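Add chain B to chain A, keeping to what the hints say.
Chains as they are written, first to last, in my numbering: chain A, 27 to 161; chain B, 29 to 207.
What the hints contain is simulated information worked out from the structure, not anything from laboratory work. Do not take every clue at face value.
[To be verified] Per label pair, the in silico range of CB-to-CB distance: (1) GLY142(A) to SER134(B): 19 to 29 Å; (2) VAL80(B) to ALA90(A): 42 to 52 Å; (3) THR60(A) to LEU58(B): 26 to 36 Å; (4) TRP50(A) to LEU58(B): 14 to 24 Å; (5) ARG79(B) to THR43(A): 44 to 54 Å; (6) LEU58(B) to ALA61(A): 29 to 39 Å.
[To be verified] Heads up, incomplete: computed chain B residues facing chain A, CB under 8 Å, no partners named: (7) GLY67; (8) VAL72; (9) LEU186; (10) LEU189.
A quick note: this is a predicted structure, and the numbers were derived from the prediction, not measured. All C-beta atoms, glycine included, are put in the ideal place defined by N, C-alpha and C.
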Amino acid sequence: MNLVELLVASSLVLGSTTGSLGIWARTAQATHDTALRLRQELQAEEQLLAVQARLQSLAAERRAAAEPSEPPPGCPGLADLQPVVPAPDADPAATLDLQLDATGEILTARAAAAAGYQRERMFDLVVYGLCAGAS
Amino acid sequence: MPCRGSRWRGLALRHRPLPAEAGFLLPLALTVALLLLLGSLMLVSLALQGRVQASVQRQRRQAEDRLMSAAQQLAGRLQRHCPELLAQPHTAWSASPCSGFVGAESAQLVSYQPGEGSGELLLELQGVEPPLRAARAAFTLHWQLELQPDGEAGLPRLTGLGERGLRATGAPAGQEAGS
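So here's chain A without its partners, still in its complex pose:
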C-alpha cells in the first residue's frame, strides 16, 4: 500500500464518519422535538375529551336525579364543568381554559401547549340537556 492511498482512504472514512455523526445528532434532536410536540398534542386532546366526558356525566347525573314534579335546574356554572383530572401533573404539557358565553349556554374549551399549539372546541350545553335553551 502506498502513502497516497492510505491518506485518501483515511480522510474519506474520517470525513464520512464526521458527517454521519452530525446528521445523526440533528436527526436525534428532531425526533426528540417531534416526540415532545406529540406529547403536548396528546395532552391537549385528552383535556378536550375530558371536557366532553364531564358534560356527558353531568347530564347523566342530572337526568338520574331529576324529579318529574320539580322544574329542571338552571345551566351549570364553570365550576361544575371543570373536568376531573385523574392525577395532577407536575409539568403539564398543555393547559385548559374554559369560557362560558354571556347566555351561559355555550362553552368554549381551549387547550393550549407550548410553541403556539392550540385546539379549540365549542360545546352547546343545550345539546346535553344541561340548559333549557331559552335563548
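Just chain B, lined up with the frame of chain A:
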C-alpha cells in the same frame, strides 16, 4: 558472493505488494463511507416521515375540532328552534318553516338520518384550504321524546352528541375514513 535467490527474495519483501493486497484500502474506505451515507439518509428519511405524519395528524385534529363545533352549533339550533326536525330525515327539513335556522357557519349538512332515539349526522367542512377541504365527520345525536302532561309523547329533546370520526368524502355515514 551472495546467493542469487536470496537477493531476489529481499527485494520482494521490501518493495512489491502481494497481488491480493494491492489497492484494497481505497475500495474498502469507499464502501464504509457509502454505508455511512446510506445509513444517514435512511435516518433522515425516517425523521422526515415522522414529521409529515405528525403534521397530517395535526390537520386531522383541526378538522375534527371544527366539525365538532359545527355539529354542536347545528344541534343546538335544532333543539332551540325546531326540535321536531330531530325525528325527521334531512330531506324533509327544507319543507319546515324553521329550516332557515338549521346550519352551521363552517360546515355544510350532508345528511341526517333519524333512528330510534338517535340520529346520524354527517357534516362537511367548507370555506377552508386544502387538505382540510371537504373533510367530513359523522356524529350521533341522542334524543328522547318529552312526555306531555297527558302522557302522550311530545317533541324530541337532545340528551347528548357522540363523535364518530372522520369519513372519506363521498362515503356513506357508516364508512370509516382511512387514517
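Verification of the supplied hints:
1. Between GLY142(A) and SER134(B), the C-beta spacing of about 21 Å keeps the proposed range 19 to 29 Å intact.
2. Taken as a hint, the range 42 to 52 Å holds for the pair VAL80(B) and ALA90(A), whose Cβ atoms sit roughly 47 Å apart.
3. Against the hinted window of 26 to 36 Å, the Cβ-Cβ separation of THR60(A) and LEU58(B) comes to about 33 Å, which satisfies the hint.
4. About 20 Å separates the C-beta atoms of TRP50(A) and LEU58(B), a value consistent with the hinted range of 14 to 24 Å.
5. Here the CB-CB span from ARG79(B) to THR43(A) is close to 26 Å, at odds with the stated 44 to 54 Å.
6. Taking 29 to 39 Å as the suggested C-beta distance range, the pair LEU58(B) and ALA61(A) conforms, at roughly 36 Å.
7. Among the interface hints, the one on GLY67(B) holds; its C-beta lies about 7 Å from the nearest C-beta in chain A, closer than the 8 Å criterion.
8. The interface hint given for VAL72(B) holds, since its Cβ lies 6 Å from the closest Cβ of chain A, which is under the 8 Å cut-off.
9. With its C-beta approaching chain A no nearer than about 5 Å, LEU186(B) sits inside the 8 Å limit, and its interface hint holds.
10. About 5 Å separates the beta-carbon of LEU189(B) from the nearest beta-carbon of chain A, less than 8 Å, and the hint is met.
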